[in-house]
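Asker: Each chain, letter by letter, is given below.
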Amino acid sequence: MAGREYIYYQGCAQEGTAQEYDASLKLVMAKLGCSLKEAEDWSCCGSTPAHTVDEVLAAALAARNLAIVEKMGADTVTTPCPACLTALKTAHLHMGRSQKFREAANALLDHPYNCTVTAKSNLQVIYEDIGLEEIARPVTHKLPALKVAPYYGCILNRPPGVAQFDDPENPVAMDKIMSAIGVEVVDFAFKTECCGAAFGVAKRQMVNELIYKVMTMALDAGANCIIVACPLCQQNLDLRQSQVNRTMQSDFNVPILYFTQVMGLAYGMDPKALGFGKLVVSTDDIIKSRVSVEEFEKRQKEAQEKASESQKEIKES
Amino acid sequence: MKPINLSQKTDWHFIDQVREESGQNAALCYQCGNCTAGCPYTHYFDYPVSQIMRLLQAGQKDLILNSKSVWLCATCEACTTRCPCEIDVAQVMNTLRIMARRENRVSEKDIQKFYDTFLGSIKRHGRMFEMGVLLSYNLKSLHPLADADLGPKVFLRNKIHFLPKNIKGRAEVAKIFQRFAEKSK
Numbered sequence: 001m002a003g004r005e006y007i008y009y010q011g012c013a014q015e016g017t018a019q020e021y022d023a024s025l026k027l028v029m030a031k032l033g034c035s036l037k038e039a040e041d042w043s044c045c046g047s048t049p050a051h052t053v054d055e056v057l058a059a060a061l062a063a064r065n066l067a068i069v070e071k072m073g074a075d076t077v078t079t080p081c082p083a084c085l086t087a088l089k090t091a092h093l094h095m096g097r098s099q100k101f102r103e104a105a106n107a108l109l110d111h112p113y114n115c116t117v118t119a120k121s122n123l124q125v126i127y128e129d130i131g132l133e134e135i136a137r138p139v140t141h142k143l144p145a146l147k148v149a150p151y152y153g154c155i156l157n158r159p160p161g162v163a164q165f166d167d168p169e170n171p172v173a174m175d176k177i178m179s180a181i182g183v184e185v186v187d188f189a190f191k192t193e194c195c196g197a198a199f200g201v202a203k204r205q206m207v208n209e210l211i212y213k214v215m216t217m218a219l220d221a222g223a224n225c226i227i228v229a230c231p232l233c234q235q236n237l238d239l240r241q242s243q244v245n246r247t248m249q250s251d252f253n254v255p256i257l258y259f260t261q262v263m264g265l266a267y268g269m270d271p272k273a274l275g276f277g278k279l280v281v282s283t284d285d286i287i288k289s290r291v292s293v294e295e296f297e298k299r300q301k302e303a304q305e306k307a308s309e310s311q312k313e314i315k316e317s
Numbered sequence: 001m002k003p004i005n006l007s008q009k010t011d012w013h014f015i016d017q018v019r020e021e022s023g024q025n026a027a028l029c030y031q032c033g034n035c036t037a038g039c040p041y042t043h044y045f046d047y048p049v050s051q052i053m054r055l056l057q058a059g060q061k062d063l064i065l066n067s068k069s070v071w072l073c074a075t076c077e078a079c080t081t082r083c084p085c086e087i088d089v090a091q092v093m094n095t096l097r098i099m100a101r102r103e104n105r106v107s108e109k110d111i112q113k114f115y116d117t118f119l120g121s122i123k124r125h126g127r128m129f130e131m132g133v134l135l136s137y138n139l140k141s142l143h144p145l146a147d148a149d150l151g152p153k154v155f156l157r158n159k160i161h162f163l164p165k166n167i168k169g170r171a172e173v174a175k176i177f178q179r180f181a182e183k184s185k
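Protein sequence lines correspond, in order, to chains V and F.
Reading the first sequence from the start, the letters are residues 1 to 317 in the working numbering.
Reading the second sequence from the start, the letters are residues 1 to 185 in the working numbering.
No wet-lab data here; the hints were simulated from the structure.
All values derive from a computational prediction rather than experimental measurement.
Any given hint might turn out to be false.
What the hints assert, rightly or not - Think about it this way: if two alpha-carbon atoms lie no more than 25 Å apart in a straight line, the pair counts; the simulated SDA-like pairs of lysine to any residue are:
| # | chain 1 | residue 1 | chain 2 | residue 2 |
| --- | --- | --- | --- | --- |
| 1 | V | 147 | V | 184 |
| 2 | F | 168 | V | 74 |
| 3 | V | 71 | F | 180 |
Just need the whole structure built from these sequences, with the hints factored in.
Answerer: Set out below in structure tokens:
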């Protein structure tokens, strides 16, 4: 739905290592007629670490933010980060299901949460609320060199009872968005395999091995780049790619882009504004390969004419 | 695994406790192995997740709470999504992690230290301060140079802040932790 305003729960990573996700997302959403209003003075959702201590504590950390959204008078909050999304949705579901649990979580908060807010990922908002037709409309450029493997990671669509979006085993939202903007997508079997998530720091070798598997599968499927919708997946695959090469004796040089960055490229936006300069593995070839739709059609027409001419010559001779 | 004498070593209270805290009935598990087949971490586990479920049915508290598996589970939710008995397996693992923590039996100290450093950062600043978490974890875990090779990559791209961003409501967030600590006493 174009022209809609969403309350935006940015999440901690978007301020730091995932700045390019934040920047490209804001530009693309604005282009699609949606404005993002930041949740006032939001705090960290607690993420995975809070869940290892106590469920009530974890719920309270997330619910402080849901209560803020409630206070702002909204019933929906959108976040780019799947970890934030899971924390917000789990707190909401758990507090909605059990009064005892809700009271326990609210007892830790200054302002209680009344369970009226639905959390959606930005991918869900773009795919479901805006829709493929609107997504295709602003396209001005083609990216003929790209063959993307859409990598959803583990918890964007799982478990289905919490995520309530797309298919938990074979999600297609990013695939369809890419097709809608004219980008070639490969059939990628490791779409939902875990990249090692937050173990990057404490269990580096384990994470390197998991990343190696995901990247090998993407390349075997014929991809030359991977697109993601998760700051942690991006960080593990892009930032740690040199570590993977070193420890696994591999030779990866695979650009890892946020899906919003690819959308921005197709919309003719400035790569710098889309945060391409913040990516570790070079994306220069991708940016250079971008052509305007007119130029692309002209080239195609020329190629077709050449082909039919040579066919004619073959027939005549 | 060594044979277990069930008549001597079944902790019935533990079975009840896990069922109550997780809200999941492990007795429904018939060992189809779907959770283990889809678990990306099973290679690193000392007991595959289906074995953890079996040990839970047999009330093997010590083996489970001292295991590496409960800490190496990353809650990727593949097991929960694929369980034909609709057991929220990841939730069971989470409950076991919380119990291991409560009983001071954490097998993977580095993972716990990382999580605790992360939570300390939230308590202090209201949000996670990436740079602070990394440095503090490196000191506490005695791996001072872990990920030092990534430093130049993030610094050159201005991807990380050197100072925390303290939110207005950080006292409010700290109070969540304080109230929780008081209630858990």
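Asker: All the hints need checking, so say for each whether the structure fits it.
Answerer: Status of the hints after comparison with the structure:
The suggested pairing of residue 147 of chain V with residue 184 of chain V holds, with an alpha-carbon distance near 5 Å, which does not exceed 25 Å. Under the criterion of a C-alpha separation no larger than 25 Å, the hint pairing residue 168 of chain F with residue 74 of chain V is consistent with the structure, at around 21 Å. Annotation: proposed proximity of residue 71 of chain V to residue 180 of chain F holds, straight-line Cα distance about 24 Å (limit 25 Å).
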